[in-house]
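Got chain A sorted already, so can you dock chain Z onto it with the hints?
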Amino acid sequence: MSLDKATVAKIAHLARIKVPDDELDHLAGELSQILTFVEQLGEVDTQDVPPMTSVAAQTLRRRKDEVTDGGYRDAVLSNGPETAEGFYVVPKVVE
Amino acid sequence: MSYIQGETGDWEIVIGLEVHAQVISNAKLFSGAATAFGAEPNSQVSFVDAAFPGMLPVINERCIEQAVRTGLGLKAQINLHSVFDRKNYFYADLPQGYQISQYLQPIVGKGEIVLDLPDGSSRTVGVTRLHLEQDAGKSLHDQHPAKTYIDLNRSGVALMEIVSEPDMRTAEEAGAYVRKLRSILRYLGTCDGNMEEGSMRCDVNVSVRKPGAPFGTRCEIKNVNSIRFVMQAIEYEARRQIEIIEEGGKIDQETRLWDTTKFVTRSMRSKEEAHDYRYFPDPDLLPLELDAAWVEDIKRTLPELPDDKKARFIAEYKLSPYDANVLVSEKARADFFEAVAKGRDPKLAANWVTGELFGYLNKAGKEIEESPVSAENLGGLIDLIADNTISGRIAKEVFEAMFETGEKPADIVEKKGLRQVTDTGAIEASIDSVLAANADKVAEFRSGKDKLFGFFVGQVMKATQGKANPALVNEILMTKLKG
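First to last, the sequence lines map onto chains A and Z. So in this note's numbering the end of the first sequence lands on 78, straight run, no missing numbers. So in this note's numbering the end of the second sequence lands on 502, straight run, no missing numbers.
It is worth saying that the hints were derived from the structure and are not from the lab. From a predicted model like this one, the values you see are computed outputs, not experimental measurements. There may be inaccurate statements among the hints.
[What the hints assert, rightly or not] Restraint-style ranges between C-beta atoms, simulated for each label pair:
id : chain 1 : residue 1 : chain 2 : residue 2 : range
1  : Z       : PRO306    : A       : ALA(-11)  : 53 to 63 Å
2  : A       : ALA(-8)   : Z       : PRO340    : 58 to 68 Å
3  : Z       : VAL314    : A       : SER61     : 51 to 61 Å
4  : A       : LEU43     : Z       : GLU266    : 31 to 41 Å
5  : Z       : ASP402    : A       : LEU43     : 50 to 60 Å
Virtual Cβ for every residue (Gly too), placed ideally from N, Cα, C.
The following block holds chain A by itself, in its conformation from the complex:
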């Protein structure tokens, strides 16, 4: 599968990654190569093979409905670039 420049630009935008126009061609080539590589898997007949979701035979681990975490606001906020009155503060985002 080969990706065109417009698709690469769109993917970059969706991922909020800034890609200059002059890099789009190069990236389109690289991404297409990766896709072509992965597409080889399509040659294997998996008609009757259930999807493998784990390498170990295990089921989804569950927790009890108990409050065991939280209550450390300062630690949570410590990585925020800006905070005030116990909130994270970000540039105004309103629709």
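This is chain Z only, laid out in the frame that chain A set:
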């Protein structure tokens, strides 16, 4: 069918609803942080909810159970195998950069909700699916002129997204759908249905078409937070779309907002690519496998739900569908009614509960749980009417005092001296004095003016301060007037 009249003829509205219902649980869907409403900002946030690097989600078993319970309550298919996916988008209150949700394989499949319409009729609306997902944090835009404040307490709280089929055709039906769904969730104890606190939120899909034509292009009105707004937004949006089409324009599929101050919907996100969520299975979570026997165990613990209760009230107590609807809409109301009706005339009990009691509660802005009149005391009042201690009219006076003071009806009757006069001698004496004082009217009555009977009854009741037994008054009065 009710259509909207346009310039070019009739139009039909097509409505589908997506309801986000916050699951009742102590801890969040994938972390051990608390879910309580109204806590200090960011005080109920774990490193998982704030998406710190390396943190892994572990699912809360209670949330799974609540989703299954809700699915069973909606008579829906329970999928023993379901998958959690990542829904990718960027927003300041979504620290992970994706929401863990369910996409192609939700935990609950097709079900149904029976709408109880105001005219007493019913209509079944399809439920497409129910899936579990994380709530996002909360953005506060009004704290600072140039900044948005973010509180992640809600981030990671479990939501059930319940999606309907596009089966509704009027704003009233949409209102009835939300009301009924809320009622079922409350009966099940899986969501408190509190729309003011945001524990139930609605996305409304609206399109219009000529009757019989294929579906039109829809607009989605996001995050409507009351039943009244849902109905208003639908009315407005349908008219907006009809106007555009009739003027030769076309509807753009888009997300809109209901403006609660201007009463209009307006466009929210112009960029269509914002809807490109690039779902994929969350590699941090294995598929969710349920045990059929476990699902059966939950099924056995379901309470009697509103539809069954309504059917039973109609069959067992001979109530009208309307009264039954009013009573079963909340479990507490239904329980109250049954306590009052036990061993008494159910129709009378229903009249007192839906009439006087609900009227007074409404006026006082109180819920049934806060009623100053207990079911036992209201029952006691009905007993006093039944054994002729007081008349129905006096009972209303006693009820008013009960509502104010919370006292027992018998105590109020004694204290206020409201006991009905059944002593025929006393009633005869009152009648005699009324007849003597109105000799002219007695003559008129005897010459054929039958209508005056009501006047005499009124006078006697007045003379006895309403305490005379009305049946006795009628009987003795008639004998004396005829004599």
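query: Has the hinted range 51 to 61 Å been met by the Cβ atoms of VAL314 of chain Z and SER61 of chain A?
result: violated, 43 Å
- request: Could you tell me whether the CB distance from LEU43 of chain A to GLU266 of chain Z stays inside 31 to 41 Å?
  value: violated, 54 Å
message: Assuming the hint says 53 to 63 Å, is it satisfied by the Cβ distance from PRO306 of chain Z to ALA(-11) of chain A or not?
response: Given range 53 to 63 Å: violated, Cβ gap about 35 Å.
query: ALA(-8) of chain A and PRO340 of chain Z, beta-carbon distance inside 58 to 68 Å?
result: Roughly 60 Å apart at Cβ, these two residues keep to the hinted range, so it holds.
field: LEU43 of chain A and ASP402 of chain Z - C-beta distance against the hinted 50 to 60 Å
entry: holds, 57 Å
The structure fails to meet hints 1, 3 and 4 from the earlier list, while all remaining hints are met.
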